[in-house]
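Participant: Taking the hints into account, I'd like the entire structure generated from these sequences.
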Amino acid sequence: DEQFAHLMGFVREIQFDRLGAFPYSPEEDTPAARMDGQIPEELKQKRLDELMSAQQTFSLERNRLRIGTEEKVLLETVDGKGHGVGRSAQEAPDTDGVIKLTGVSEADLGQFVRARITDAEVYDLRAEQLAPLPRLIHPLRAHRLSRAHRLGRTHRLSRAHRLHGRIGALLRRGWLRIP
Numbered sequence: 204d205e206q207f208a209h210l211m212g213f214v215r216e217i218q219f220d221r222l223g224a225f226p227y228s229p230e231e232d233t234p235a236a237r238m239d240g241q242i243p244e245e246l247k248q249k250r251l252d253e254l255m256s257a258q259q260t261f262s263l264e265r266n267r268l269r270i271g272t273e274e275k276v277l278l279e280t281v282d283g284k285g286h287g288v289g290r291s292a293q294e295a296p297d298t299d300g301v302i303k304l305t306g307v308s309e310a311d312l313g314q315f316v317r318a319r320i321t322d323a324e325v326y327d328l329r330a331e332q333l334a335p336l337p338r339l340i341h342p343l344r345a346h347r348l349s350r351a352h353r354l355g356r357t358h359r360l361s362r363a364h365r366l367h368g369r370i371g372a373l374l375r376r377g378w379l380r381i382p
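Each residue of the sequence shown is one higher than the one before, counting from 204 in this note's numbering.
Fair warning: there could be bad hints in the mix.
Said to hold, decoys possible - Taking lysine to any residue pairs in the SDA-like style, the calculated list, with each CA pair at most 20 Å apart, reads:
#	residue 1	residue 2
1	Lys247	His209
2	Lys303	Leu268
3	Lys247	Phe213
4	Lys303	Arg319
5	Lys247	Phe225
Hints listed in this document are in silico derivations from the structure and should not be mistaken for laboratory results.
Facilitator: This is the structure we're talking about:
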């Protein structure tokens with residue numbers, strides 16, 4: 204109880220932008236699994252819920268500070284109704300929230316767009332597209348990347364690594380413009 208109270212005090216003091224947590228689970232044949240004083244599962248879950256509830260408050264406060272700001276957002280999905288999902292440099296794939304955009308089209312898929320943050324949720328943000336930015340990827344290539352991503356054929360690091368490695372080729376073909 205004392206250690207958990209110390210942890211909660213630390214989290215309240217620091218007020219992390221983002222925080223992930225999970226309850227400890229013993230692994231077979233490890234010294235920690237054989238230790239005395241194991242905490243019951245119900246108490247672990249109660250503590251996790253308390254920790255994440257506090258973090259949700261901080262996360263919402265941080266996200267609300269971004270309302271009205273303009274962000275450079277990489278558009279990852281589009282639904283055909285002008286709605287899409289993307290990330291700015293502040294949102295890591297698979298772990299952080301997303302930016303839900305309005306006013307986007309299939310032509311913007313895989314591209315950076317300028318967006319204004321209009322609303323904040325606990326983990327996600329809502330935004331409206333202001334203008335597309337110069338294209339980084341030819342639209343057909345963006346479609347193939349998006350399809351491969353949906354089919355699970357790419358890994359986030361390898362996809363980013365491949366994209367980074369192709370910048371020279373994109374420049375030579377005229378598909379990338381640097382203002």
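Participant: With reference to the structure, classify each hint as holding or not holding.
Facilitator: Each hint tested on the structure:
Only pairs whose Cα atoms come within 20 Å are accepted, and Lys247 paired with His209 is accepted, the gap being roughly 16 Å. Our distance criterion of 20 Å between C-alpha atoms is met by Lys303 and Leu268, whose separation comes to about 17 Å. Between Lys247 and Phe213 the alpha-carbon distance is near 18 Å, which keeps this suggested pair within the 20 Å criterion. A threshold of 20 Å between alpha carbons decides the hint, and for Lys303 with Arg319 the separation of about 11 Å falls inside it, so the pair holds.
With a C-alpha separation of about 9 Å, the suggested pairing of Lys247 with Phe225 holds against the 20 Å cut-off.
Of the numbered hints listed earlier, not one is contradicted by the structure.
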